[in-house]
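Novice: Here the protein sequences come in this chain order: A and B.
Here the numbering used here is used: the first residue of the first sequence is 1, the next is one more, and so on.
Here the numbering used here is used: the first residue of the second sequence is 253, the next is one more, and so on.
Among the clues, some could well be false.
Keeping only pairs whose Cα atoms sit at most 25 Å apart, straight-line, the calculated DMTMM-like set for lysine to aspartate or glutamate is [claimed, not checked]:
(1) K3/A to D440/B
(2) K112/A to E17/A
(3) K3/A to E377/B
Simulated restraints on C-beta separations [claimed, not checked]:
(4) K3/A to A484/B: 36 to 46 Å
(5) G279/B to Y125/A: 48 to 58 Å
(6) A7/A to L525/B: 46 to 56 Å
(7) K695/B to I245/A: 29 to 39 Å
(8) K3/A to L694/B: 48 to 58 Å
(9) K3/A to G279/B: 16 to 26 Å
(10) L402/B to Q214/A: 40 to 50 Å
(11) A463/B to D65/A: 44 to 54 Å
(12) A210/A to R703/B: 23 to 33 Å
(13) K3/A to A463/B: 33 to 43 Å
Just a sample of chain B residues kept apart from chain A, beta carbon distances all over 10 Å, derived [as the list claims (entries may be wrong)]:
(14) K314
(15) T351
(16) A481
(17) L748
Rather than coming from a laboratory, the hints here were simulated on the basis of the structure.
Just so you know, even glycine gets a beta-carbon here, dropped at the ideal spot from N, CA and C.
Chain residues, written in single-letter form:
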Amino acid sequence: MIKLRFASPEMLVDINEIPDLGYHRIDADGSVHVGALCRHADLERSSLLATRQPTMAAAAPLVADPIVRNRGTLVGSLCHADPQGDWASVMVSLDGLVVAQGPRGRRTIAVKELVHGPFQTTLAYDEVVVEAIAPAPKGAPAGGYLKLERRVGDFATVGVAVSVDRTGDEVTRAGIGLTGVGGSTISADDAAQLLVGGPLTSDAIGEAAALAAQAAQPRTDHRGSASYKRHLVSVFTSRILTGLIRSQEEAA
Amino acid sequence: MTAVDEIKIGGMGASRRRVEDNRFIRGKGNYVDDIVLPGMLHMEILRSPLAHARIKSIDASKAWAMPGVRLVLTGETMAARNLAWMPTLSYDTQAVLATDKVRFQGQEVACVIADDPYIAKDACEAIVVDYEPLPVIVNPTQSLAEGAPLIRDDKENQSNNVVYDWEVGDKDGTDRVFDQADVISKIDLHYPRSHPAPIECCGSIADFNRATSKLTVYMTTQAPHIIRAAVALVAELPEQMIRIISPDIGGGFGNKVPVYPGYVASILASILLERPVKWIEDRTGNLISTGFARDIYLHGELALRKDGRILGVRMKATADHGAFFSDAQPSKFKIGLMHSAFACYDIPNAHLEARGVYTNKAPGGVAYRCSFRVTEAMFFQERMVQAAADDLGMDQAEFRRINFVRDDDFPHRTPWGFLTDSGQYGKCLDVGLEAIGYEEFLKEKEEAAKRGRLLGIGISTMTEPLGAGNSREYDILGIKMFDSAELKIHMTGKALLRTGAKTQGQGHETTWAQIVAHELGLPAEDILVEEGDTDTAPFGMGTYASRSTPVAGAAVAMVSRKIRAKARKIAAHLLEISEEDVEWELGRFYVRSQPDRGVTIQECAMAAYSNMPDGMEPGLENVAYYDPPNLTWPFACYIVTVEVDPETGVWDVLRLVAVDDCGVRINPMIVEGQIMGGLTEAYAMANMQFITFDEHGNCIGSNFTDYLLPTAWETPGIELHEVETPCPHHPIGAKGIGECAAVGGPAAFVNAVMDALKGTGVRNIDMPVFPDRVYEALQTGQDVSGAPPVRTDET
Ligand SMILES: Cc1cc2nc3c(=O)[nH]c(=O)nc-3n(C[C@H](O)[C@H](O)[C@H](O)COP(=O)(O)OP(=O)(O)OC[C@H]3O[C@@H](n4cnc5c(N)ncnc54)[C@H](O)[C@@H]3O)c2cc1C
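Isolated chain A (complex conformation) (with noise of 0.2 Å):
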């Protein structure tokens, strides 16, 4: 931004030197907690979300490309609000929140309130963001991203979060969050409201996909035409639900 002249800030605060930032954790209740510091090579690597918050662990490998990830941050990314940032559409999948900090204390904030543009935030100009929260799932928590790069490192021509809360065969909660296909990350509420309350199906996959695909809002660009993003919306949507489906056939 400041390289491309779009911001000349007349202050820039450095906040690498704030101790105790840097933690991501899991509380007994199942919410995933990421401080303002931790870097998104740490949840790549984490064993706590490969094995508990699989729709975090399929994204963190995905963002940007090894270099980035080693000083990128998911709350960096998330405050940047950049339509094409692959940790929003996942924080939207899993109903997320950020913990803001300022001269008038504390406040919660959903990610999907976080937002109201292209690179705008609701944030006031003296808060920062101290933590990430993925709030406890309702159940088994499952899910997966898939992205459509052009290249390692590219932002996405199109990523898909999904996560999906089973107790049983029975969906209890369900989020899907869309990259890089509108002005700002698109909550698909209605394709994830169609998978609550019942099994997954093929029918019921086949009708998320479809009203996924409906809920984005894509421009022909040079990474893609808008009807080939809104086709992979769907596709994705599609795959990542069958996964789920098979992963559980296959476990049991």
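We have chain A already, so just place chain B with the ligand on it with the hints.
Specialist: Structure of chain B with the ligand alone, referenced to chain A:
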């Protein structure tokens, strides 16, 4: 005593580690931007935001008033010194700083010279330019349309946007064989605009010293001597007072052959201010204004006999040159060496028509890792060959084999007049097919198809002309394309070698020493190689078009032989025998009848300074200028297998096999590195790289988020194989390898995807073969052609 072991001394065939890497991997390289001179100022360029507009006025008063600003240059300042326009390498003119109109987005409009680059950049933004927008032309169709606005209204006698019309070959003869053909295979292709994008952008430091009248310019140039000549001729400075130094260069790939406005402006600024002026281009400046590559449309036709023989070729090419015809290429050939296409096939008749057009896009047409449009030629050739094989219903490998020039047909005159001299094309193809497991793959493909999976195999075989030139046919602006080497053997047997070439990553510091080691038996580590300083290096044409080893490398061998001839006389003197009785083995002269009586080359070197024979000039130094009798013709066969995902259009490379015959390999490790680098670029061109423009002439591809460079992470693994057919006319049998893979590679990838789509009705998807284009082709059963769409309001 016996001869030295050539591999042990790092001679020919040794995979010697690159000596230059010692400094590069320690961060001790010395690039233009590393150089700091006392009192140095910094220059930044203000570029046009519009692609076509009349300049009504320029107000630089705010910039002049900013603290730290020393000078503002505009077109007017340049015009007052007759420097507003400069000649290009292709006999056109190019604006240095715009005076009348801007003709592409990113064109240089003004320069600010200030105490630091930040002030200069801020001051550029304070310059107010009043533009009157004009209609914009972004492709040849618009350019040639009736009533199209005239881009080059600065040129007398220019009434349309045509740069040239050029043809070669026998039109009537070719028409006749087309009349007799059983099948005519036709295809329309586009090779999209791409950019060499060296990691180091362009830059210069001009340092004019009023007291000595000497102008020293540190510059990112692949051809320092050509620059010196150009400065002498254009700026009318005495040539002995111009010193061009090309220090370490962070990649060139053809991008650093032309003269750019930034160089010229920094020189003028230094002359006016009498202080060193540094200009370092940023990434966007490099991508939107300096030499692009390709951007050619082709209509190709092959006349075929039912049995698979190609009877004739027709090619009709339209090249988009941007706003100025500033290609770097030999004077004689308007569309480079496009007519080297089909050189590996035995085809009696051929005709090529080419038309160049102006558009409101950056100028360039540089040979990006190729010898002047050879990349386009070979890509078009191999796409046409695959389409023809499919049209005949013939196996693509077999179709190539029956049309190859045979091993016993050399020397072979191509239909467009080139002379190829050696090769084993059939053998290379066999090695490749064997390596990939051709027959098994075809079976696997058939099986996979039954389960809805799309597998494909693509082949690209080609011989390309390298090593411009020979001086009969090749010149740039009239300067003949020979090259040179100067070798100084010190008395302790250590040596200094300088050539007229200029390494930018090719490893000359390593390989040239190996050639000397091969010729003289001196250990390679005892030879220091220097290039790039016009005050010390012998005159040469620089490094591009894979010409270093074919031309300068030959000069290195020849100068070593001159040295050896003198050393032989010294040896005769030391051994007290007549010269006829002296025998040579690597590193040592000996008495023919008494092989154990001898002197080493090092002993001869000492004697050249301490004990030379009566009447002999002291010293052991010499220069050789080498004018090659012909181009060299390496051959390559690249084979790629892919799987296409029918649901997404994504294609993955399964295997990539390369068989290269580049003649004798001086340093096999460096050769392999060149092939891998070239195939990486080929892969990128096939599936991700292009520069395009929206309808307003905005450049899409102005940074590395939009213009993608491949990385190790997604580049497929490469399996290397080799065949060696020495070049019959090169002193050490080498043919050049810098470019084969980038030239021959792209078609193999595209052919593989097209093979996977065989039977769907799709015959062509133009590069980059993005997944969405593959998906579209699969959905419609139609070709997907032209530059990918940029932005429409379709949702
Ligand atoms: C080459 C490259 C490729 C990339 N590819 C991808 C990709 O494929 N997918 C993807 O999702 N991202 C990608 N990114 C972005 C990357 O994920 C960054 O990590 C992300 O943008 C955030 O960077 P950061 O953590 O360093 O935050 P910064 O760059 O420091 O900050 C980003 C913005 O957020 C604000 N901010 C940061 N932290 C806080 C905070 N705690 N509270 C309030 N505001 C804050 C800053 O003020 C700034 O405006 C890429 C980046 C690069 C350079």
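Novice: Decide, hint by hint, whether the structure agrees.
Specialist: Results for each hint:
1. A distance of roughly 41 Å separates the Cα atoms of K3/A and D440/B; the hinted pair therefore is violated under the 25 Å criterion.
2. Of the pairs offered as hints, the one joining K112/A and E17/A is violated, with about 29 Å between alpha carbons and a cut-off of 25 Å exceeded.
3. Restraint check for K3/A and E377/B: satisfied, since their Cα atoms lie roughly 14 Å apart, inside the 25 Å limit.
4. For K3/A and A484/B, the hinted distance range of 36 to 46 Å is satisfied, since their beta carbons lie about 38 Å from each other.
5. At roughly 40 Å, the beta carbons of G279/B and Y125/A sit outside the given window of 48 to 58 Å.
6. The given range of 46 to 56 Å is broken by A7/A and L525/B, whose C-beta atoms sit roughly 33 Å from each other.
7. Look at K695/B against I245/A: about 33 Å separates their beta carbons, and that is inside 29 to 39 Å.
8. About 50 Å separates the C-beta atoms of K3/A and L694/B, a value consistent with the hinted range of 48 to 58 Å.
9. The hinted window of 16 to 26 Å between K3/A and G279/B holds, with their beta carbons roughly 22 Å apart.
10. L402/B and Q214/A have their C-beta atoms about 49 Å apart, which keeps the hinted 40 to 50 Å range intact.
11. For the pair A463/B and D65/A, the beta carbons lie near 51 Å from each other, so the given range of 44 to 54 Å is met.
12. The beta-carbon spacing between A210/A and R703/B, approximately 26 Å, falls within the hinted interval of 23 to 33 Å.
13. Range check, K3/A to A463/B: about 40 Å between beta-carbon atoms, so the 33 to 43 Å window is met.
14. At the 10 Å boundary, the C-beta of K314/B stays outside the reach of chain A, the nearest C-beta of that chain being 17 Å off.
15. Separation of T351/B from chain A is adequate, the least Cβ-Cβ distance of about 27 Å exceeding the 10 Å criterion.
16. Listed as outside the interface, A481/B is consistent with that label: its C-beta sits roughly 37 Å from the nearest C-beta of chain A, beyond the 10 Å cut-off.
17. Residue-level check passed: L748/B sits 40 Å from the nearest beta carbon of chain A, beyond 10 Å.
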